[in-house]
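Use the sequences and the hints to build the structure in full.
Protein chains in written order, with full-length UniProt numbering: chain P, 1 to 797; chain G, 1 to 797.
Hints were generated in silico from the structure; no laboratory data involved.
Careful: at least some of the hints might be erroneous.
It does not matter which identical chain is used: a pair holds within one copy or between any two.
With a straight-line Cα cutoff of 16 Å, these simulated EDC-like cross-link-like pairs (lysine to aspartate or glutamate) come out [to be verified]:
| id | residue 1 | residue 2 |
| --- | --- | --- |
| 1 | K688 | E243 |
| 2 | K663 | E11 |
| 3 | K688 | E88 |
| 4 | K285 | E266 |
| 5 | K684 | D611 |
| 6 | K20 | E220 |
| 7 | K201 | E48 |
| 8 | K198 | D611 |
| 9 | K146 | E264 |
| 10 | K198 | E610 |
| 11 | K61 | E396 |
| 12 | K191 | D547 |
| 13 | K20 | E225 |
| 14 | K688 | E220 |
| 15 | K20 | E221 |
| 16 | K485 | E610 |
| 17 | K380 | E434 |
| 18 | K7 | D111 |
| 19 | K103 | D13 |
| 20 | K191 | E610 |
| 21 | K734 | E761 |
Remember, it's a predicted structure, so these values are computed and weren't measured experimentally.
Protein chains: 2
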Amino acid sequence: MNVIFDKERCELDSPVMMPKASGFLWNSSMMLHANCRGYVVSQFMQPEPAKYSHAPNIEEKTFMQPEVPYYTEHPGRFVYVKDENSKEMFSAPYEPMRCSPEKYKFSVRRDKIVWYAENYGIGIEMQLSLPRDEALELWKIKVKNKSKKKRQLSIYPYFTVGYMSWMNQEGIYNPDLQAIVCSSVTPYQKKEDYEAIKNYKDKTFLLTEKEPYAWEAAQEEFGGEGSLSMPDGVVADKLSNGEARYETPVCVFQYRMDMNPSEEKEFRFLFGPAKTEEEIASVRKKYFGVSDYRMTDAFALAESEYAAYIAEGQGCISVKTGDEIFDNFVNTWLPHQIYYHGITNRMTMDPQIRNYLQDHMGMCYIKPDRSRDAFLFALKQQFKNGRMPDGIKLKEDTVLKYINQIPHMDHCVWLPLWLEVYLNETNDYDILNETLPFADDKEAISVFKHIDRGMAWMIKNTDSRGLCLIGQGDWCDPMNMVGYKGKGVSAWLTMAVAYACTVWAEICGKIGWSDKALEYKKTVKELNENINTYFWDGKWYARGITDDNRIFGIEKDREGKIYINPQSWALLCGAPDKEQKELMIKMVEEYLETPYGIEKLSPAYTAMQEDIGRLTQKYPGTAENGSVYNHASVFYIYALYISGEKENAYRLLRKMIPDPRRKDFIQRGQLPVFIPNYFRGAYKQIPKTAGRSSQLFNTGTVAWLYRCIIEELLGIKGIRDGVIISPQLPSEWKKAEIIRRFRGAELDIHVEREEKVNKIEVFVDGQYVPDGVIRNIRSGTSYKVSIKLPVTEERNI
Amino acid sequence: MNVIFDKERCELDSPVMMPKASGFLWNSSMMLHANCRGYVVSQFMQPEPAKYSHAPNIEEKTFMQPEVPYYTEHPGRFVYVKDENSKEMFSAPYEPMRCSPEKYKFSVRRDKIVWYAENYGIGIEMQLSLPRDEALELWKIKVKNKSKKKRQLSIYPYFTVGYMSWMNQEGIYNPDLQAIVCSSVTPYQKKEDYEAIKNYKDKTFLLTEKEPYAWEAAQEEFGGEGSLSMPDGVVADKLSNGEARYETPVCVFQYRMDMNPSEEKEFRFLFGPAKTEEEIASVRKKYFGVSDYRMTDAFALAESEYAAYIAEGQGCISVKTGDEIFDNFVNTWLPHQIYYHGITNRMTMDPQIRNYLQDHMGMCYIKPDRSRDAFLFALKQQFKNGRMPDGIKLKEDTVLKYINQIPHMDHCVWLPLWLEVYLNETNDYDILNETLPFADDKEAISVFKHIDRGMAWMIKNTDSRGLCLIGQGDWCDPMNMVGYKGKGVSAWLTMAVAYACTVWAEICGKIGWSDKALEYKKTVKELNENINTYFWDGKWYARGITDDNRIFGIEKDREGKIYINPQSWALLCGAPDKEQKELMIKMVEEYLETPYGIEKLSPAYTAMQEDIGRLTQKYPGTAENGSVYNHASVFYIYALYISGEKENAYRLLRKMIPDPRRKDFIQRGQLPVFIPNYFRGAYKQIPKTAGRSSQLFNTGTVAWLYRCIIEELLGIKGIRDGVIISPQLPSEWKKAEIIRRFRGAELDIHVEREEKVNKIEVFVDGQYVPDGVIRNIRSGTSYKVSIKLPVTEERNI
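Below, the structure written as structure tokens:
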């Protein structure tokens with residue numbers, strides 16, 4: 001197995017060794033997760049997530065799941081190939097026939113995914129792209145005769161439609177559209193639901209540019225006794241032109257062709273959902289039709305428009321450090337993943353407030369204007385009493401679902417954290433003067449006051465000890481039973497409030513409201529005292545105290561002894577003294593560090609703790625129960641940087657970056673194009689599965705990782721006056737080239753270690769800048785920055 | 001393909017020609033639907049329906065569905081077999097390897113299902129039974145060396161566990177229990193749901209009597225690249241003794257054995273759900289353990305106890321007519337299906353009131369005491385105003401689900417219909433004096449008054465024309481938009497109320513309340529006049545009039561011209577005159593009769609009619625939209641008998657009875673052990689799929705069919721004085737032997753046609769009984785009844 005990974009692509013040459021290797025594509029209305037073997041998960045918004053390619057049975061609709069298993073009849077896009085003379089058959093890219101290909105390639109790019117499989121001298125290239133906005137798959141399938149003889153071939157593109165509906169489903173070829181059109185009615189029973197149902201895109205179509213030789217629309221008749229591994233339909237001379245009549249539909253075409261040696265033929269398809277046949281006709285016309293305005297091929301144009309759209313999601317830094325894996329990931333793939341979060345809101349109509357704010361925090365580095373709009377959109381949903389809702393309703397009639405039905409206590413924490421990054425990047429302090437209403441009060445007040453009210457709400461929700469009440473939960477932990485009686489408190493939340501107050505106090509100070517700033521700093525001091533009084537367990541901080549006054553997350557617990565979040569956030573809020581810090585950091589390494597990263601807690605819970613809750617029922621090592629939960633890890637990394645622990649921080653940061661040279665990761669299902677929300681943990685308890693990728697690319701990790709890299713590791717952080725340069729490069733880096741796009745200007749930075757240098761020295765356009773601050777940044781200007789580092793440097797702030 | 005069908009069993013000798021052929025087993029806490037190829041659907045109650053053998057993905061929970069598609073990785077129970085020398089492999093009974101067996105048998109009995117597959121000289125018999133009460137599968141697997149040489153074999157029983165939960169799932173072999181134990185936590189998010197969740201049986205186990213050679217508990221590792229059609233696990237020498245760790249679990253054991261020619265070995269297994277390992281240990285002890293009291297083999301004892309339990313569901317008639325298919329079905333299988341309904345309440349905790357009452361109407365013929373209890377249980381859930389609820393809550397905290405959340409208007413209709421059959425069978429008029437409270441009023445009133453109040457409620461819900469308001473629906477039709485504005489009316493419901501009033505008037509008369517009886521008869525007369533005024537369309541009766549005053553179900557409609565229900569029930573309530581009757585019956589034959597039976601409406605709707613509703617969105621020919629909906633058909637048959645149309649009635653009745661000689665039915669998926677809720681209709685519109693069995697054995701059809709046969713066809717109906725003998729045998733029947741168990745007595749009846757006889761003549765113990773009534777039936781007594789029929793007789797009542 002080989003993996004090629006660069007800024008353009010990630011490529012793999014075996015579908016067998018890495019059966020879960022996958023890539024993803026998305027646009028403004030859909031998301032598609034495709035793997036190296038041809039399996040695909042796709043969703044579109046109408047406006048809630050919906051499918052046009054289903055499982056073979058009635059699938060439950062849930063939030064996006066990690067570690068989704070593949071199975072033989074999992075939805076996918078395949079091409080069966082048959083030599084009409086020799087009757088040799090195989091399927092590309094690999095499933096469902098599973099012939100080991102002679103040549104194989106799986107190539108993930110930002111704007112397309114390409115598979116190539118070659119067998120019996122026939123090469124099949126499958127290429128998938130999306131248009132910019134529509135929920136539609138653009139497919140190109142190339143057939144190549146790689147042999148030296150003339151061949152008679154049939155190819156059969158196979159697109160899963162699956163079990164659409166128990167009320168109504170069919171699949172019929174429409175010769176006018178040159179498409180198999182599968183129709184259904186979304187099941188419902190209550191009359192009240194009809195108003196939504198009737199507008200749904202309940203059809204799935206596969207539209208072909210070239211007239212097919214034959215087709216099949218009924219799954220069972222296509223597979224027959226041979227099933228998908230040797231379908232009766234493919235074994236027969238000709239597909240039966242069958243229909244699905246309240247049967248599981250499928251879209252299969254047959255093309256017969258003669259191929260000369262080296263000849264290549266291309267077929268193009270459109271696959272997606274539609275409401276009506278008229279809509280499908282207009283899709284046909286738009287992509288395959290001949291129209292006056294079109295100087296170029298419309299299908300190709302859509303592909304390039306999409307590529308341009310995706311390229312807009314460019315990050316604000318480009319680095320060249322000599323570590324190619326790091327460079328490729330940071331320059332291309334990390335901002336790509338951040339951009340995905342910012343554009344799609346994780347394919348939900350009610351994003352959790354904390355996800356929404358952190359995802360858009362990441363967008364501050366890519367599209368700050370979009371991020372600003374998103375923040376203001378959310379803030380309008382704040383309640384008059386200061387509380388933020390559990391989920392942001394993207395449409396007025398959105399219903400809060402799943403975890404958003406459980407009241408959490410941490411939401412306001414994330415407001416100043418977003419703001420800090422936004423101000424760092426844009427210096428747009430005017431945002432604080434924007435006025436907005438509340439969800440339950442039309443009277444508009446300033447953004448400043450909104451946030452201030454949120455902070456006040458957080459501070460108010462403390463108990464007599466001055467610790468934050470946890471209610472039915474806070475961040476990152478389904479701790480629904482710690483405090484539901486109204487008494488339990490959260491160490492993490494108390495720290496998070498202290499940290500948020502710190503950040504907010506600094507912002508208050510910067511805009512001249514020093515009374516406020518002082519007041520908040522006083523609060524922080526009190527909270528930190530309380531934290532040390534009640535939560536310090538001798539070697540680390542506990543996680544909380546239950547309704548029944550049991551402190552947990554402590555050394556004497558059998559499971560869940562130590563949690564990472566209270567350690568990270570204690571560092572952020574400044575609670576521990578030097579001795580405490582050193583001890584904590586040592587303990588984190590001892591208890592929580594694994595070859596795959598930092599575990600969220602350890603040992604993972606193996607049985608329900610009724611005074612903690614649902615977290616303890618989750619499988620040990622997954623999600624919140626002791627996985628290497630990247631979103632938690634990244635805060636620890638950030639906190640280490642803040643605490644000047646740059647070597648330790650970099651070591652952990654580097655571990656988080658997907659790296660094809662790390663076979664232990666890669667063979668556990670990870671392709672190096674994205675960071676999953678977790679790697680399986682419980683390393684000491686269940687080593688068999690530790691390190692597996694969750695395969696779920698929705699995670700607040702990426703925004704914070706980018707921040708760590710930009711503001712801390714590379715140390716190029718925006719401030720009111722301009723930008724401060726204060727890198728914390730690991731000592732192993734001898735030099736680096738960095739381009740930083742900042743407030744319209746470009747900083748062209750060269751960093752190098754020099755023997756004679758004692759501390760960091762910054763030169764801008766040849767001028768020595770003692771405090772490392774470049775002031776008066778002018779948009780449109782390029783600055784040459786040279787940084788000299790000692791061989792072992794200390795930070796200069 | 002051959003089918004053997006008798007009173008003991010239904011047997012089939014090919015899994016290929018009839019891929020959906022299936023049987024079912026059930027006990028007081030579970031239901032299991034198994035097919036000839038090894039696929040199984042199983043559910044148990046905890047108390048809501050739950051699964052211990054799941055699909056490979058997250059399946060949606062729904063009410064029981066018709067026409068559920070099978071797919072390669074559908075849950076099942078299989079045995080892989082490998083010759084260790086020749087490496088020949090196959091799987092029994094057929095899936096998932098799909099080797100055409102040299103010999104094959106699929107045998108469905110009431111108390112067990114047996115598969116036999118032979119390949120390469122190795123025979124595998126798989127036998128499945130249940131215990132009487134527990135949710136548990138009892139498996140016997142016999143391996144037979146049918147060849148003349150000594151063999152080294154491995155067999156691998158494979159039991160699907162599937163995707164259990166996204167919160168927690170694992171599978172681990174426990175050597176103390178000699179079982180693979182798969183554990184999970186039912187997913188939930190709201191704390192409030194934990195109270196129920198924590199009591200769930202979230203484990204699935206496969207317990208083996210003999211120590212295995214090896215095992216595998218991880219689905220993916222078992223299948224590997226070979227998948228289920230050639231699993232890596234079976235290809236290898238030895239299973240890897242693997243565990244599933246938050247991976248899809250499976251239960252596979254390997255047994256290696258030497259087998260002499262003709263040698264046979266038996267293996268026994270227990271498969272099912274459990275809450276704890278202690279519970280599994282007690283199951284092991286109970287069925288495989290050695291205990292003092294046990295004189296016989298506990299496993300075998302459980303099998304025979306179950307057989308005895310099932311045999312209790314004996315019907316009240318045994319016939320011998322010379323038509324073996326008819327006899328077997330009526331004597332054994334029909335009461336078995338009725339018994340299933342009565343015991344399990346269709347595996348739901350909130351049975352629809354109309355289903356519940358009709359299912360228990362059937363139970364009047366089998367277990368009248370149980371039926372009485374069920375009726376009284378339901379009647380306590382009536383509201384003070386007379387309305388019955390949409391669903392009966394079997395437990396106090398049951399929540400009404402699915403269709404029971406939509407208010408229907410027909411519920412009270414079914415009260416007197418149950419009562420009539422119950423009184424006919426038992427003569428227990430005392431039931432009318434029982435006193436019961438209401439759901440919303442503790443004051444108890446008599447059953448008589450309860451029913452009377454129900455009838456009054458129905459009569460009250462009429463419009464100014466005296467037609468019954470349909471609201472959001474009535475029976476058999478998701479007509480949720482005909483009358484939701486409060487104006488639309490239902491022809492069927494108006495007739496049903498008239499018919500219920502007729503029945504109720506008769507009961508009132510019998511208990512001497514003649515004023516009431518007259519009053520109700522007057523109501524019936526008025527309703528019938530209104531029916532003729534507003535619904536008669538010239539050739540048949542319309543189905544209803546919408547909120548916007550559009551009459552539908554009429555000749556000038558393009559789709560849904562004619563519905564069967566208004567025709568059947570008009571005959572029952574006595575609305576039509578002779579001329580109307582004859583015309584209607586002719587039109588039903590012309591428009592609705594097909595080779596598979598009577599369609600519910602025709603032509604089936606192909607598009608939404610917004611003034612009718614959801615019915616019109618269902619797929620044409622399925623369920624309520626134009627299928628051969630047996631529950632509707634049986635009322636037409638009953639109405640034909642009532643109307644003296646015995647030849648026509650019998651022709652349709654006979655068509656409904658599953659018959660292996662009718663290959664057109666059988667090849668469409670039906671085994672002759674049960675009547676499905678529908679056969680696919682839309683015969684003229686979509687001939688391809690017409691006649692397919694829904695495979696759903698939940699249907700009110702069976703109770704009414706049994707009534708038709710007992711009271712009408714055989715004409716042995718209970719009355720106050722005893723029993724009236726008035727057969728309506730089809731002229732093709734020349735004679736019949738009937739045993740009728742009735743109020744503790746046994747009527748031993750011989751019927752024969754004689755040339756000299758002019759009208760039906762009944763002789764009891766040799767005595768001629770001119771009115772055909774046998775009075776003063778004495779329990780424990782046997783009566784010899786001889787009936788002489790003219791060659792073409794008329795009915796004598």
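Hint check:
1. Proximity of K688 to E243 under the C-alpha cut-off of 16 Å is restricted to the inter-copy arrangement: shortest distance 9 Å between copies versus 46 Å within a copy.
2. Taking the shortest Cα distances, K663 and E11 sit within 16 Å of each other inside one copy (15 Å), while across copies they are farther apart (54 Å).
3. Taking the closest pair of Cα atoms, K688 and E88 never come within 16 Å of each other, the shortest separation being 39 Å inside a single copy and 33 Å across copies.
4. In this homomeric assembly, K285 and E266 never come within 16 Å of each other (Cα to Cα): the closest approach is 19 Å inside a single copy and 66 Å across copies.
5. In the homo-oligomer, the alpha carbons of K684 and D611 never lie at most 16 Å apart, since the shortest distance is 25 Å inside one protomer and 64 Å across protomers.
6. Taking CA atoms no more than 16 Å apart as the test, K20 paired with E220 passes between copies only; the shortest distance there is 12 Å, against 27 Å inside one copy.
7. When the C-alpha separation of K201 and E48 is checked against a cutoff of 16 Å, the pair qualifies only within one copy, where the shortest distance is 12 Å, while the shortest distance between copies is 33 Å.
8. When the C-alpha separation of K198 and D611 is checked against a cutoff of 16 Å, the pair qualifies only between copies, where the shortest distance is 14 Å, while the shortest distance within a copy is 46 Å.
9. Taking the shortest alpha-carbon separations for K146 and E264, only the intra-copy value of 9 Å comes in at or below 16 Å, while the best inter-copy value is 55 Å.
10. For the homomeric pair K198 and E610, the shortest alpha-carbon distance between copies (10 Å) is at most 16 Å, but the shortest distance inside one copy (44 Å) is not.
11. Proximity of K61 to E396 under the C-alpha cut-off of 16 Å is found in neither arrangement, the shortest distances being 22 Å within a copy and 29 Å between copies.
12. For a Cα distance limit of 16 Å, the shortest separation of K191 from D547 across copies, 15 Å, qualifies, whereas the shortest one inside one copy, 44 Å, does not.
13. For the identical chains of this complex, K20 and E225 are inter-copy neighbours only, at 13 Å across copies versus 28 Å inside a copy, given an alpha-carbon limit of 16 Å.
14. In this assembly of identical chains, the alpha carbons of K688 and E220 lie at most 16 Å apart only when taken from different copies (14 Å versus 38 Å within one copy).
15. Taking the shortest alpha-carbon separations for K20 and E221, only the inter-copy value of 14 Å comes in at or below 16 Å, while the best intra-copy value is 29 Å.
16. In the homo-oligomer, the alpha carbons of K485 and E610 lie at most 16 Å apart inside one protomer (13 Å), although the nearest pairing across protomers, at 49 Å, exceeds that limit.
17. In the homo-oligomer, the alpha carbons of K380 and E434 lie at most 16 Å apart inside one protomer (11 Å), although the nearest pairing across protomers, at 62 Å, exceeds that limit.
18. With identical chains, the CA atoms of K7 and D111 are at most 16 Å apart within one copy only, with a shortest distance of 12 Å there and 65 Å across copies.
19. Taking CA atoms no more than 16 Å apart as the test, K103 paired with D13 passes inside one copy only; the shortest distance there is 8 Å, against 45 Å between copies.
20. In this assembly of identical chains, K191 and E610 lie within 16 Å of each other by CA distance solely across copies; the values are 11 Å between and 40 Å within a copy.
21. In this assembly of identical chains, K734 and E761 lie within 16 Å of each other by CA distance solely inside one copy; the values are 15 Å within and 114 Å between copies.
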